[in-house]
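Trainee: Please model the entire structure based on the sequences and the hints provided.
Chains C and G, in that order, give the protein sequences. Take the numbering used here: the final residue in the first sequence is number 1775, and no numbers are missing along the way. Take the numbering used here: the final residue in the second sequence is number 1775, and no numbers are missing along the way.
Quick caveat, the hints were computed from the structure, so don't treat them as lab data. There's no promise every hint is true.
One copy or any two copies: either way a pair holds, since identical chains are not told apart in the list.
Listed below are the simulated BS3-like cross-link pairs for lysine-lysine, each with C-alpha atoms no more than 30 Å apart in a straight line [what the hints assert, rightly or not]: (1) Lys1642 <-> Lys1662; (2) Lys1503 <-> Lys1434; (3) Lys1452 <-> Lys1568; (4) Lys1709 <-> Lys1503; (5) Lys1562 <-> Lys1516; (6) Lys1726 <-> Lys1709; (7) Lys1452 <-> Lys1653; (8) Lys1568 <-> Lys1503; (9) Lys1627 <-> Lys1491; (10) Lys1523 <-> Lys1726; (11) Lys1544 <-> Lys1568; (12) Lys1726 <-> Lys1653.
In case you want the letters, here they are:
Number of protein chains: 2
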Amino acid sequence: MIPPQEATEIIFNHLFTFPAETIELSQAHGRVLQEDVQADRDFPPFDRVTMDGIAYDFDDLKGDQPELVIEDMQLAGEPKKTLTQAGHCLEAMTGAVLPEGTNTVTPYEDIDVQERDGKKVAVIQKMPAQKGLNVHDQGFDRQKSEVLITKGTLLSPSQIAVAASVGKAQIKVTQAPKATIVSTGDELVKVDEEPKPYQIRQSNNYAIRAALANFRVSADFFHLPDSLEKTTAGLADIMEKYPIVILSGGVSRGKRDYVPDALEALGVQKLFHRVKQRPAKPFWFGVKEKQNAVFALPGNPVSTFLCFHRYLQPWLEKSLGLADRPTQWATLNDHVKFAPELTYFLQVLAHSDKSGQFSATPIEGHGSGDFANLLRCNGFIELPADRSHFRQGEVFPFIPFVR
Amino acid sequence: MIPPQEATEIIFNHLFTFPAETIELSQAHGRVLQEDVQADRDFPPFDRVTMDGIAYDFDDLKGDQPELVIEDMQLAGEPKKTLTQAGHCLEAMTGAVLPEGTNTVTPYEDIDVQERDGKKVAVIQKMPAQKGLNVHDQGFDRQKSEVLITKGTLLSPSQIAVAASVGKAQIKVTQAPKATIVSTGDELVKVDEEPKPYQIRQSNNYAIRAALANFRVSADFFHLPDSLEKTTAGLADIMEKYPIVILSGGVSRGKRDYVPDALEALGVQKLFHRVKQRPAKPFWFGVKEKQNAVFALPGNPVSTFLCFHRYLQPWLEKSLGLADRPTQWATLNDHVKFAPELTYFLQVLAHSDKSGQFSATPIEGHGSGDFANLLRCNGFIELPADRSHFRQGEVFPFIPFVR
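Mentor: Have a look at this one:
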């Protein structure tokens, strides 16, 4: 048995690399960027008017309520116009190019437009405090060629928008690997079957598939019966097709727990079996060359769920090329006692409260079989093995499972 | 102009209701539940063995190292067996039904199995502290018919798993409404077009479509030119097809800002125009009967993004039937000065740090046009209009935009 930190290190020493692929930007949400996205032009690409009003040369303003003859209008989407003479101005709209010969914009609410000798004149009611107001200078935000989004970024809505703005109609992302979730256990029936009194329905596979979908990884389901021969034969087929093999159940010390033996018979290198933790002590991890990563998770639903979020998800994120995310820390909201010398992953409902604390309320439930308890929680906190008493107000790492 | 709180109330007074539909559970992740999901059986459905070992009657134990003759084995997935005589036991595997006539399980690691007169005998090395150990009693977690997941819950992986366990192969969720994102502004070109020096590419539509996808709402794109006739005609068509109409741009006071006039010409009831906030002051909201909700957002990218997350998303969540979520609060990590009498939505990078504080670092950027700045942030904090100085350590509502 090894502690969770050692299990984590072993898992991180066996990351996979998945190839890149170029996809439509419209499909890229939730994918991991595999190139640097650069500014194709300055940001903004031209001196940009930011208020609807008049554009003029600041040095033309004389007196208290200067008047400027309106000679033209500069609309958004029009080529740049030029101010033809001193003492004049152009109307200019938000998003328009700042006309040549002007440097300042005053919004309509600060001017009064009057008619003089058949000409429209803008009378400035509120003097601009300085030259350059309401103009967003070319290149002020970002320079051409500057890297805007770095390789390894998860593409969320703001990244998608910036990629669109620089013309990335296609974008390079990590290919989503194929995964499978293999349930074991003769007591399991399918979701649409009526279980006999001594049977239960499969559910871990649904939980993991949904969690994988957050990373745009799809997963197929298989079920293997409690037989060494059939488990070995079934896994042999499965391992041909799926680089990521997630097993649920069959890794304890029961008489019918054939998963470790079957995996070793298939040449999967066992990297660890059993972790000093509750839940999910029987967790098994191994790899077959660079071909398969095998996460054999204990079958109890809370154990499966914990292992996915604490071990498998970080492995997946790193293997997809995602940059590291900072650990989240939560303040324990109650006293907790846990005597065994195991790392205790406590189910909590955490929330950033009105005091600005990210506080975690323990919701213990009835052990690793009580997965209805997960519904009331949004994560685990990780309590170290070398202590038994954990006090209200102490801070521990938080592992979220609701997004 | 109205303050954000009033805008919120108006929006919440104009929620929509979308019909329910029954879909495959495998498609339900991220959808909003439209029925109560009940336990179809007790949880667990039988007295369940939770460790691999031997099952026996606690009252049979005599002396220091009692011996029990192993008479049979109870596997997971087998019908319940019965202990035939006192002083005997059955081997029993995790997930199996507890055999009739037994009440306690001792794991293999606490027993020694020996051969006596051709019979297998379990010698208990470590006495159980009490009757009933390692048995998960029928109905202990949840009783049959108990509501496990309530209507209005967002279906995340743990809910999907619990729904699977009670046989909900099909499940009732809110139908995803059709949405459209209509960009306006003659300066805009498509993502795959090469913009002229005075043009920019569309990007707000990409941001909003990706954000809507988090709620499984798909959205079509349209673009309307800066013309009252064309805007009105285009919107008339669009409003026939889409209950949720999101416009980007054309709501300021510019000479070519035709959106409010076009909407009013089409019989959309204006509920407000302009909110006392920065960014996104020109935000316009209206409804046409129960047929269309129209969110006309200012076209600056940061403004669009703010309005989506601060106003449109809560409206959508409530209209989909989602139960209220608690406000998140963040501790401001620096001093901030903002003089205008407007609610200031400050861009921040927030994180629950090692002190257990959910702390928000301001990343101000260059105003509402500087959307590359959003890439460095994960939310806004909402600073009230009636103050100008906001001190480090003060706590404000947090509006996340990265999931």
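Trainee: Take the hints in turn and mark each one as holding or not.
Mentor: Do the hints match the structure? See the list:
1. For the identical chains of this complex, Lys1642 and Lys1662 are intra-copy neighbours only, at 14 Å inside a copy versus 61 Å across copies, given an alpha-carbon limit of 30 Å.
2. In the homo-oligomer, the alpha carbons of Lys1503 and Lys1434 lie at most 30 Å apart inside one protomer (14 Å), although the nearest pairing across protomers, at 97 Å, exceeds that limit.
3. In this assembly of identical chains, the alpha carbons of Lys1452 and Lys1568 lie at most 30 Å apart only when taken from different copies (11 Å versus 77 Å within one copy).
4. When the C-alpha separation of Lys1709 and Lys1503 is checked against a cutoff of 30 Å, the pair qualifies only between copies, where the shortest distance is 23 Å, while the shortest distance within a copy is 66 Å.
5. Taking the closest pair of Cα atoms, Lys1562 and Lys1516 come within 30 Å of each other only across two copies (20 Å); inside a single copy the shortest separation is 56 Å, beyond that limit.
6. Proximity of Lys1726 to Lys1709 under the C-alpha cut-off of 30 Å is found in both arrangements, the shortest distances being 27 Å within a copy and 22 Å between copies.
7. Taking the shortest Cα distances, Lys1452 and Lys1653 sit within 30 Å of each other only across copies (27 Å), while inside one copy they are farther apart (69 Å).
8. Proximity of Lys1568 to Lys1503 under the C-alpha cut-off of 30 Å is restricted to the inter-copy arrangement: shortest distance 27 Å between copies versus 81 Å within a copy.
9. For the homomeric pair Lys1627 and Lys1491, the shortest alpha-carbon distance between copies (18 Å) is at most 30 Å, but the shortest distance inside one copy (97 Å) is not.
10. Taking the closest pair of Cα atoms, Lys1523 and Lys1726 come within 30 Å of each other only across two copies (27 Å); inside a single copy the shortest separation is 36 Å, beyond that limit.
11. Within a single copy, Lys1544 and Lys1568 get their C-alpha atoms only as close as 49 Å, which misses the 30 Å cut-off; across copies the closest is 25 Å, which meets it.
12. Proximity of Lys1726 and Lys1653 under a CA criterion of 30 Å is satisfied inter-copy only: 27 Å between copies versus 37 Å inside one chain copy.
When the structure is compared with the earlier hints, no violation turns up for any of them.
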